[in-house]
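Engineer: Here is what each chain is made of, one letter per residue.
There are 2 protein chains.
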Amino acid sequence: MMSQTVEQIGEFELIRRIRNLIKKEGVESPGVILGIGDDTASFLPRQGYELLVTCDSMVEGRHYLPEHISPFDLGRRAMAANISDIGAMGGRPLYGLISLGLKSDTELAYVEEMYRGFIAELNPFGACIIGGNLTTSGNGLFIDITLLGEVEMGKGVQRSTAKPGDVILVTGYPGESGAGLQLLSLSSSRPELKAHPLIKAYLSPAHKAGEGAAVGHTEFATAMIDTSDGFLGDLGHICEESGVGVLLFAEKFPVSENLKRAAEILGKEPLALFMSDSDDYELIITCSRNHVAEIRSAIASSFPGPVSEVGRVTEREKGIRLVKADGSEEEIRARGWDHFSDGCIR
Amino acid sequence: MMSQTVEQIGEFELIRRIRNLIKKEGVESPGVILGIGDDTASFLPRQGYELLVTCDSMVEGRHYLPEHISPFDLGRRAMAANISDIGAMGGRPLYGLISLGLKSDTELAYVEEMYRGFIAELNPFGACIIGGNLTTSGNGLFIDITLLGEVEMGKGVQRSTAKPGDVILVTGYPGESGAGLQLLSLSSSRPELKAHPLIKAYLSPAHKAGEGAAVGHTEFATAMIDTSDGFLGDLGHICEESGVGVLLFAEKFPVSENLKRAAEILGKEPLALFMSDSDDYELIITCSRNHVAEIRSAIASSFPGPVSEVGRVTEREKGIRLVKADGSEEEIRARGWDHFSDGCIR
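In the order they appear, the protein sequences are chains A and B.
Everything in the first sequence is counted per the numbering used here, starting at 4 for the first residue and increasing by one.
Everything in the second sequence is counted per the numbering used here, starting at 4 for the first residue and increasing by one.
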């Protein structure tokens, strides 16, 4: 049986269905005074905590192709991007607002599956959806999520506070998601690529928000950012906002076997894939050399993967420099990646 | 000289320009710890206050036509819609997050003018923009705003708490904005209509957020809502959420001379224009008959226009009934307006 479309069901009935789905499948978070259903949502913030707030959009045709991703995975991706930002401050997600621009022929089942994706990412944190907006857009679908979170007062880890001399750590394997996306595009003409593990890395990204909170709790991180603009793009944000440079060691980069194989298929350098645009939601952390062990230990409590020391923070004048395997040094301009990236003014 | 387009200027340079504009023309709000420029924004909520949060989208071609509205007015409208929601809870706006989907040929000057519109609405409240997201959408432009506000603990005025026997008050002249929009569409073929005062009512809506806060402060309103879905649409929301019916008196409806003239031009009944879809951002307030004077006085402190007593709240079973000028009574179904309206799940 075909699912009804948004147009057939009507927007107010759609809202009723979504509200019921959230009530049934989502969790109830403490602090909520008014959830969905009034002019605004309302909640009571906890004393001693700062509130964090971020928003992020996904636009059909720009950030995803509907034929390549299920609505459930799309919902998860969109929410994970926001959760990752809260985590990169050392915070904990609390409440989400979902704004959707739907097409009139979008099916109810598609919308419901997106919400199941949002909820699947929020439930583990005891976080919930408290509001949003639904409209038909006439054009492509868009998802805009605002996520609120909290962090103990004064314990938020910013991107603007890295210091020369600090060590640069990165979790996991940056670049895998971006390579997965390229493989996914290629798989239209080469269906055997559909089973490549990096396509899964792209479709179901695993944020490190829990690890980010643990790192924040140590109070030893001098700066932290998630790699939603790619390793070099986000390191560039740290440089710009902290007024520092960095010296990177290519040999220390965590380039996975999967990424090397993908590089071969794509005819690209593994190093380029590692550094370039890729929303992996890994964490880049800077800290004093004396505190690397504590940071590693905080991350290891929930993440079994690698935490790699890939370089160190330098004076601003040094710029962004890379020491290659052969010992030669080269200046790289993080700005070069900007035009691939989304503009985030949060 | 032509303004540069978003594509020419690049997204990161665009963000820099917007950030500067906000810094220069916006106000600095108390409580902000981190504004634009990190993974998330961050702020310290005031003790003894609930936080309110709402979001609302405007989509090109769906909610506005670019040839009919300047980017400054568009920015004002989009922000006023959100401010109105905070006000309808009795709250005060604090912080905005702006998510924009731009076309690659959108001009920088257009985006800047939209931000001037946002800021023009926020500055009077000492409220500011603390974050957001910019992306190119490939399709039509969209604006999605999330607005945070605050209200003293327990003093938020909901839409779900109207009681049978309450009086129904409405501010100003609902229906004018919707009629103005219809005149605006007609003005393409009839340019003499461009000077009609209701077109201005549509283009520069005046929310009643200050008045909403004053009403909330009296603690005498049993329910309140803004008329962004039209008088009958929003009264229907009160009925549905409060589990009540209403009895309305057509003779008491504040139908302005301007609306009557517009009805003639449009070949419609003034009453129908008054009740139907129109985002005027007036307030519908319910209260005990004993407290009408206090509510009127709270509103009069800043709004010189009419506050009309248009009916009373009844038991749910009575439905939504209208007493016409000739004394006859008719049941009207607010649901009939739903499909014209935006779906708001906040």
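It is worth saying that the hints were derived from the structure and are not from the lab.
Be aware that a few hints might be false.
Note: identical chains are not told apart, hence a pair may lie in one copy or across any two.
[To be verified] Each computed DSSO-like pair below joins lysine-lysine, with the alpha-carbon atoms no more than 27 Å apart:
hint, residue 1, residue 2
1, Lys166, Lys321
2, Lys203, Lys26
3, Lys263, Lys203
4, Lys203, Lys255
5, Lys106, Lys263
6, Lys327, Lys106
7, Lys327, Lys263
8, Lys158, Lys203
9, Lys158, Lys197
10, Lys263, Lys158
11, Lys203, Lys271
12, Lys26, Lys166
13, Lys263, Lys26
14, Lys106, Lys271
15, Lys26, Lys255
16, Lys255, Lys158
17, Lys166, Lys255
18, Lys255, Lys197
Engineer: The structure should be examined with respect to each hint, and the outcome stated for every one.
Structural biologist: For each hint, the structure was consulted:
1. Taking CA atoms no more than 27 Å apart as the test, lysine 166 paired with lysine 321 passes inside one copy only; the shortest distance there is 13 Å, against 69 Å between copies.
2. For a Cα distance limit of 27 Å, the shortest separation of lysine 203 from lysine 26 qualifies neither inside one copy, at 30 Å, nor across copies, at 42 Å.
3. In the homo-oligomer, the alpha carbons of lysine 263 and lysine 203 lie at most 27 Å apart inside one protomer (16 Å), although the nearest pairing across protomers, at 61 Å, exceeds that limit.
4. Proximity of lysine 203 to lysine 255 under the C-alpha cut-off of 27 Å is restricted to the intra-copy arrangement: shortest distance 25 Å within a copy versus 63 Å between copies.
5. Neither within a single protomer nor between protomers do lysine 106 and lysine 263 lie at most 27 Å apart by alpha-carbon distance, with minima of 39 Å and 36 Å respectively.
6. In this assembly of identical chains, lysine 327 and lysine 106 lie within 27 Å of each other by CA distance neither inside one copy nor across copies; the values are 49 Å within and 39 Å between.
7. Taking CA atoms no more than 27 Å apart as the test, lysine 327 paired with lysine 263 passes inside one copy only; the shortest distance there is 17 Å, against 77 Å between copies.
8. For the homomeric pair lysine 158 and lysine 203, neither the shortest alpha-carbon distance inside one copy (34 Å) nor that between copies (48 Å) is at most 27 Å.
9. With identical chains, the CA atoms of lysine 158 and lysine 197 are never at most 27 Å apart, being 43 Å at best within one copy and 55 Å at best between copies.
10. For the homomeric pair lysine 263 and lysine 158, neither the shortest alpha-carbon distance inside one copy (38 Å) nor that between copies (59 Å) is at most 27 Å.
11. For a Cα distance limit of 27 Å, the shortest separation of lysine 203 from lysine 271 inside one copy, 20 Å, qualifies, whereas the shortest one across copies, 57 Å, does not.
12. With identical chains, the CA atoms of lysine 26 and lysine 166 are at most 27 Å apart between copies only, with a shortest distance of 26 Å across copies and 46 Å within one.
13. Taking the closest pair of Cα atoms, lysine 263 and lysine 26 never come within 27 Å of each other, the shortest separation being 44 Å inside a single copy and 45 Å across copies.
14. Taking identical chains as interchangeable, the C-alpha atoms of lysine 106 and lysine 271 are never at most 27 Å apart, the minima being 37 Å within one chain and 31 Å between chains.
15. In this homomeric assembly, lysine 26 and lysine 255 never come within 27 Å of each other (Cα to Cα): the closest approach is 47 Å inside a single copy and 40 Å across copies.
16. For the identical chains of this complex, lysine 255 and lysine 158 are neighbours neither inside a copy (29 Å) nor across copies (57 Å), given an alpha-carbon limit of 27 Å.
17. Proximity of lysine 166 to lysine 255 under the C-alpha cut-off of 27 Å is restricted to the intra-copy arrangement: shortest distance 21 Å within a copy versus 68 Å between copies.
18. For a Cα distance limit of 27 Å, the shortest separation of lysine 255 from lysine 197 qualifies neither inside one copy, at 30 Å, nor across copies, at 67 Å.
Hint compliance for this structure: hints 2, 5, 6, 8, 9, 10, 13, 14, 15, 16 and 18 are broken, all remaining hints hold.
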